[in-house]
Amino acid sequence: MKAAVIVFPGINRERDMARTLKLVSGRSPAMVWHADTALPAGIDLAVVPGGFSYGDYLRCGAIAARAPIMDAVRAFAAKGGLVLGVCNGFQILCEAGLLQGVLMRNARLKFICRNVYLRVERSDTPFTRGYNAGQVICVPAAHGEGNYIADADTISRLEGEGRVIFRYTSPDGTCAPEWNFNGATNAIAGIVNARGNVLGMMPHPENHVEAALGPTDGRALFQGLEVHLGRAA
Amino acid sequence: MIPSQPEVTPHLVAEHGLKPDEYDRILKLIGRAPSFTELGIFSAMWNEHCSYKSSKVHLRELPTTGRCVIQGPGENAGVIDIGGGLACVFKMESHNHPSYIEPYQGAATGVGGILRDVFTMGARPIACLNALSFGDPNHPKTRHLVSGVVAGIGGYGNSFGVPTVGGSVRFHSRYDGNILVNAMAVGLAETDKIFYAAASGVGMPIVYLGSKTGRDGIHGATMASAEFGENSEEKRPTVQVGDPFAEKLLLEACLEIMAKGCVVAIQDMGAAGLTCSAVEMGAKGDLGVTLDLDKVPCREDRMTAYEMMLSESQERMLMVLKPEKEAEAEAIFRKWGLDFAVVGETTSTRRFIVRHGGAVMADLPIKELGDEAPLYRRPFVEPAKLPVIDAATIVPPMPIADALETLIGSPDLCSKRWVWEQYDHVILGNTVQRPGGDAAVVRVNDGPTALALTTDVTPRYCEADPFEGGKQAVAEAWRNLTAVGATPLAITDNLNFGNPERPEIMGQFVGCVRGISEACKALDFPIVSGNVSLYNETNGRAILPTPSIGGVGLLADFTGSATLAFKAAGEAILLVGSSQGWLGQSLYLRDICGREEGAPPAVDLAAEKRNGDFVRDLIERKIATAVHDVSDGGLAVAVAEMAMASGIGADLQAAVGTRPTGPSDAAFWFGEDQARYVVTVRENAADDVLDRASTVVVPVRRIGTTGGATLTLPAQRPILVATLRERFENWLPDYMSGGGGGVPQGKG
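From first to last, the protein sequence lines are chains G and Z. Residue numbering for the first sequence follows the working numbering, starting at 1 and increasing by one per position. Residue numbering for the second sequence follows the working numbering, starting at 1001 and increasing by one per position.
FYI, nobody ran anything at the bench for these hints, they're computed from the structure. One should not assume that every hint holds.
[As the list claims (entries may be wrong)] 30 Å max Cα-Cα, derived DSS-like pairs, lysine-lysine:
no., chain 1, residue 1, chain 2, residue 2
1, G, K22, Z, K1609
2, G, K22, Z, K1193
3, Z, K1416, G, K110
4, Z, K1193, Z, K1141
[To be verified] Which chain G residues face chain Z? A few, computed with CB under 7 Å, are given here:
no., residue
5, G10
6, N12
7, A75
8, P140
[Unchecked claim] If you want the footprint, here are the derived chain Z segments under chain G, 3+ residues with CB under 8 Å:
no., segment
9, 1156-1167
10, 1424-1438
Here the structure is a predicted model, which is why all the values come from computation and not from measurement. All C-beta atoms, glycine included, are put in the ideal place defined by N, C-alpha and C.
Bound-form chain Z, shown alone:
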């Protein structure tokens, strides 16, 4: 007998985010009206965030296997083999909606959630990264959001004790009402000691571990599956509150009981808390699960079954333990001061039964809760191709030197030191390359191997051409890993889009996924984990399509990684890759000319591979002395960044404008053609490199020489490197302190 709590009305069904046809599906599935608790469980399992109902059919196109892949998508995190009996476990996940409503806690619990995903699999976290998108700097909420999100990421990761080594920060008015907080965590485990969610064995005790359950976060996942309106702040109670101290204890306790061989299956309680974790453990193991909610440790009095099943209180785990090891596991958890309670058992019935106060509050078919979630092939329209901008028609509004100074001090290109200095990036003593380079490099244990890590995407390209933009996001991650000398291995993707019920948004999604898929295949760069965040819209205005890519690469010897800083005066500066001078969707066109227009640069994946392999070889043979990939802002910005990182200037000689067939000077220096790197080599090595390049048909040309205290572009006034640095470093601190800042000329 299932007691009827509030009556299930069409209004209540709608409030749970379930569409009428989805409710009909529930009625058909269970043959009766669901109880209030059951309705809550369905809404938790069938929302977009947990069920991937709009995205699943397209995600199946992604390449998820490869030589190094141990575990692809579908588990808490992806797992790849990095040699020496070790595995790298990693994933990126969004916490967008909560971070907009309550930036500190939203971002903090985003970090907590992704760390838990990694150590649930038996891995000790060794690094975090993130990808942040904020609204226009002039929007009244932006400062508050930047400040809160950065403090929240730092507050959680610093206390937990993992270095936050890299990431990206961008600003655009399309994120005014929906910021993006994508957090990535990376951990290490032994390849033969990976833990999974699937329960096995009938009559096994299901154990609840970690913090107590409270009323925070109820319906968090449902919120993350809806658009925002005018009153989104009212959703604040759905945001969880993080406790990094509890998470640190949970980490140590979990790794300890895993090492002692106590664990059969483990699943963290993330989105949709107890519901999602219990259902997944049972469904993946082809078993039923019975929960007794009277045993669940609660932080608050008189919690109902509905509240307990939907709470998203943080720092909790569900496990199936070996019965003979239960006492040992409990002692370890008690030592760490954490709650430990047997709250249920596995059954052979494949039913999900929830008891509370002696009554059955839910009795549902467990496989169907997951597998029979609605699956949509939503209609989509591909966006019209935008015209290719003829660089010759762009009249430079200012001299190149002035444009360079302006771009270097612009919101998207300026130094993000103000952000990453709030993250402990040196803890654990393995950070080889700190934030600010192309990719972070983190030593694996005592070496000699190291992991290279990066997050990338260029949303304005994705908006202009989802397919090319999707390709570009993957290619840039691959390029950034290559630029430090790493062999790119695999990626995690975090796909952030608007409302999928709108065909043009679905078109962006489908295009980006196809582009990502194509690039992953061409670059042998499989996807092993990921997350989809849809409904990033406010009042019908969607974010820029933002498929963040988190890339992982491997260095055989961490001491051989390349950095972007010039190393000495008098070295040859070489440009690898060919330059048409592509200005469509470039930052030069947007921030200097005030035009957000045109088709984005095309990505030639064969050229990416060829050019990247050539550069990696130069690094491995210790011929390259400095390496930097060319991306946002183009060649001039790349060279300026190399100069600023070292304090050494450069004299650039490539007089491209004099050639009748070449691009204009501005297009050459600021064009965002892909598959390019700037590399320095010793003067006496330059000719050999150019010869070798022509043998293997990689376009390489010399563009200048390092040295002096100024950066001099052809026919331009010299710019002091110190002046560039000042502009580069000052924009963000000035902006955040409420003074200075503002937006560069040309941008509305």
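Chain G extracted, bound-state conformation:
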């Protein structure tokens, strides 16, 4: 896995992401500055990490989506390159038009940091091959604007095409309002684009990878990518 992590001013989980990529793949990702216009040659994964790009002023992800490097990310995705956006990264990918929908303020209008349970809806994507379909994983969420929303047509297309990848559920995989802590439509926590090579998700798998610190359910996402990219190479 040869990854690049995009760094916008105000991004703050790029170190967490880089550390996890190194831990799983043995290789440090390239850190790519927002003002650059090209991704490093030969990368097979572009990651847009979490944080508060440009302070999240104006609208989450809106300014970052228009940064010079994003043209290169769009071109990379158009050629089938894998793009992972986490938290602010998900918001940026939506604003950049790589994913549909938008992330609104959490239902109770508060930033929430807690471990959440996600049901993995599909295991046949490059991002989820480390999991079983229907498996429930525990990863931390930390955001104020993760309430996924889109028009009814988009939602039904996402659902119909199996593009909802992660959903907020109870620990035993049941959808219920009390587990959908940010109020997302259909408890959506993560989606892919039509081609299946761009994933956006709100929670942070990169923060649950070391046994000594607690649950490690996030690790399989990166291990799955490593396996997938190892085979593709």
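Assemble chain Z onto chain G, guided by the hints.
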């Protein structure tokens, strides 16, 4: 020629918070009347917040040296050696007055200010904590203040990208008009790459970095040095506005130019902004400073010299750079989109000269601005000792089980999840123990070492007996660090009191400082940084004396830290430390019996040390399976917290009431005797631990066994752990949503 702006009248002098005798001192010092700008500069340097004029003579008593201390008080933050070539840089600071007036921005900029203090020294922040005191839950402003302060702390720290891993929240009517927001930041640096404020070299360029200067926060420090009256909201314009995005950029840019070796000296612009930072750099370096305000990047048009010198706009730094590295440093700042301007230079004259529009607006002796600030030995009276409450005279108003349920769901003891869930506590990927335990544990880089962090104080003890209360605050911090298995290293203190011009308030201050000093000496726990916040009064009513203590400890191996949750059924529950059943100033007496009375528990520092060392040894040898310190609410509450954290119940057997000489049952279960811990060990290890304890003369007794779904106290109805949890978790969310909540029985 100094142009005269508004004429300096006695009224104007008073408006600047300067007393007539202080103004006379200025006249004597400079031999003429100060200009308007100079008056502003003096008021900024000589207010209580910046000069410590009432507290300094007492702060000198505090122990500030020790094996691990690299830098004690006097710099932006304290620095201790944590081994492996690394230093921990930390400090706690108050932002009380602004947070009451504008809770979101007040708290946010409090966090911003303390983070800046830490990274100014070359450290990357790795954790934040806080200590919050709010008014009575029934006071009409309390909800609004809790909501705003918590959102502000989260809003700043989350965006900046530092985990907020711990803290404390309390409610008491004495904070109705003056809440306390104490923020602590902790950072890591290499021991040989610490940066200081003292400038060196004559003719060196002084560089302004960061955000532009606006009119916000003018006179913030002066406001923080006065009491509130009826119209405190009118002071809203003195509150600064925070920009965590700018601060994150400033952090990255500063660390980058420090790593490139560009920096000679650095000082952040906090209280009293440009004035305080420039004077400190010059005075500490024994140099003069000349500033040219025409070069200062301004956000607003036509700012006067007075406004620029007193602005407390946030996210700004002042530096002395190596001249040959200036271009490189500027390029780095431009890359991060930050302002960079050479605004002055160092001189050999020891004068502080401010030019604006071609005129000299201030020309003052720089050392005297700081060193010759008034110093007061204010009169103080020690409060009368309160009687020790005889627990035998307390008639329990309800059964013990009912009292436990009530206390668990009370404002001070309930879960603060509603608060800490609004703080990102997992970012950076090093949080080993999240909020909710005795101390937070944060791994140092990739390990194996970790820092344990806590904030503590029990203001009602300090009010009842400042000396014992001061001791207790330090002892509890030491105990909380010990309870996770850490070796306590050093503390930062944030001393919040009322008006020091009142002898009884000064008596509280002096007593607390003496108590803190005694405990620090006994526990080898030096103070390396701190902050004093006085005048926390409204209409003559002072807060409870609240000397917040921020403690830092070190774990050799983060995987060996202890947590408070029971680990398995069938384990022995042991109580370490002796129990007289001390009910004076206990939460049981206050919240169940409705009496805020008596002397607080005495703190036996030798027993603290002995008992704590015994517990730490049990953790290090992996004999202890769960550990929790016993504090507010006493033993029953401590055991209940261990049960709730795990979902495992307990059967408690200690039938203390049957012994004629022992404390009553209620006093035993709810007494707040100090130097105690609850520890669980495997059943087959219990006898060995008891034997060992008697050999080293540490009082340890068995009080029960873990297991089941209920907590059962002797001769009481069993309480479902799930029921306790519900009460524990629900109070704060219910209260904040405007429903339920309210205050427990017994409290007015």
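Of the numbered hints stated earlier in the document, which are not met by this structure? Violated: hints 1, 4 and 7.
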